[in-house]
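S.K.: Residue numbers (the working numbering), protein chains in the order written: chain A, 1 to 137; chain B, 1 to 137.
Since the hints were made in silico from the structure, they are not lab data. One thing to keep in mind: the hints can contain errors.
Same chains, same names: a pair is fine if it fits in one copy or spans any two.
No more than 20 angstroms apart at the CA atoms, straight line, and that leaves these computed lysine to any residue pairs for SDA-like [claimed, not checked]: (1) Lys69 <-> Asn51; (2) Lys65 <-> Ala55; (3) Lys69 <-> Glu109; (4) Lys69 <-> Glu128; (5) Lys69 <-> Ala29; (6) Lys69 <-> Leu52; (7) Lys69 <-> Pro27; (8) Lys69 <-> Asp117.
Predicted model, so just to flag it, every value in this text is computed and none were measured.
2 protein chains.
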Amino acid sequence: MPASRYAHAVAEHDGQDAPTGDGRSTPPALARQEQDDARGTLDALRASIDNLDAAIIHLLAERFKCTQKVGALKARHGMPASDPAREARQIERLHRLARDADLDPVFAERFLNFVIDEVIRHHRAIAERHEGPADGD
Amino acid sequence: MPASRYAHAVAEHDGQDAPTGDGRSTPPALARQEQDDARGTLDALRASIDNLDAAIIHLLAERFKCTQKVGALKARHGMPASDPAREARQIERLHRLARDADLDPVFAERFLNFVIDEVIRHHRAIAERHEGPADGD
Numbered sequence: 001m002p003a004s005r006y007a008h009a010v011a012e013h014d015g016q017d018a019p020t021g022d023g024r025s026t027p028p029a030l031a032r033q034e035q036d037d038a039r040g041t042l043d044a045l046r047a048s049i050d051n052l053d054a055a056i057i058h059l060l061a062e063r064f065k066c067t068q069k070v071g072a073l074k075a076r077h078g079m080p081a082s083d084p085a086r087e088a089r090q091i092e093r094l095h096r097l098a099r100d101a102d103l104d105p106v107f108a109e110r111f112l113n114f115v116i117d118e119v120i121r122h123h124r125a126i127a128e129r130h131e132g133p134a135d136g137d
Numbered sequence: 001m002p003a004s005r006y007a008h009a010v011a012e013h014d015g016q017d018a019p020t021g022d023g024r025s026t027p028p029a030l031a032r033q034e035q036d037d038a039r040g041t042l043d044a045l046r047a048s049i050d051n052l053d054a055a056i057i058h059l060l061a062e063r064f065k066c067t068q069k070v071g072a073l074k075a076r077h078g079m080p081a082s083d084p085a086r087e088a089r090q091i092e093r094l095h096r097l098a099r100d101a102d103l104d105p106v107f108a109e110r111f112l113n114f115v116i117d118e119v120i121r122h123h124r125a126i127a128e129r130h131e132g133p134a135d136g137d
């Protein structure tokens, strides 16, 4: 994790006469209660994020099992290394899925490219063993 | 998709007297059958990859809903922009989950950093509206 990620950190204030986001002041007890509520909400959101990350990691593991099989299959059968039409269909589909799920389609495409880059690394390793092709399925 | 991704593509051979991976030749009919089987296996693997991608995209959409709430919450309550201890725990946990799922732990960490970079972009946009912090929860 680069140190620059933390460069913009701000000191946690102590909750006494805490200014609210809109610049008004609140009494200390109310400010403390609000901070406690916010902390509880933050913890709950983080627990959901952790659950989603665990699910995503396991799905990615399964995806790599598939792409490793694809890599081995292509290497064994001398199948073409890449399939631009397949990649174009994947991107178009992810754009559509992302829009339906209220996710930025550009992010969905960046995500696919990120994963494909990793798959290409895997396939190159397989191809070096088989002297076969490397692609990004 | 960068053009270089396709630069290593190889021409698809026609399956006649197809050389196998180990250099032996097979009769044309058998080679054709093997290619058809391989194609069927490839299509099945790609269908699974597409299903997994759809699941991952939907989980990512849900994750961003959570981090957008985190960003708004932190901006509203003047909570600290970043939490290095939280990020360290996330990374350690993803490493453990990745190992359990037979996924490269280094990839899992790269994945988290990739997603966090996107979250930081989102939070900066929220922070600009609230003049609050931007972080990568």
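S.K.: Against this structure, judge whether each hint is valid.
M.R.: Results of checking the hints against the structure:
no.: 1; hint: Lys69 <-> Asn51; verdict: between (28 angstroms within a copy, 16 angstroms between copies)
no.: 2; hint: Lys65 <-> Ala55; verdict: both (16 angstroms within a copy, 16 angstroms between copies)
no.: 3; hint: Lys69 <-> Glu109; verdict: neither (23 angstroms within a copy, 23 angstroms between copies)
no.: 4; hint: Lys69 <-> Glu128; verdict: within (15 angstroms within a copy, 46 angstroms between copies)
no.: 5; hint: Lys69 <-> Ala29; verdict: neither (60 angstroms within a copy, 24 angstroms between copies)
no.: 6; hint: Lys69 <-> Leu52; verdict: between (26 angstroms within a copy, 15 angstroms between copies)
no.: 7; hint: Lys69 <-> Pro27; verdict: neither (62 angstroms within a copy, 25 angstroms between copies)
no.: 8; hint: Lys69 <-> Asp117; verdict: within (16 angstroms within a copy, 30 angstroms between copies)
The structure is inconsistent with the numbered hints 3, 5, 7, although it conforms to all the rest.
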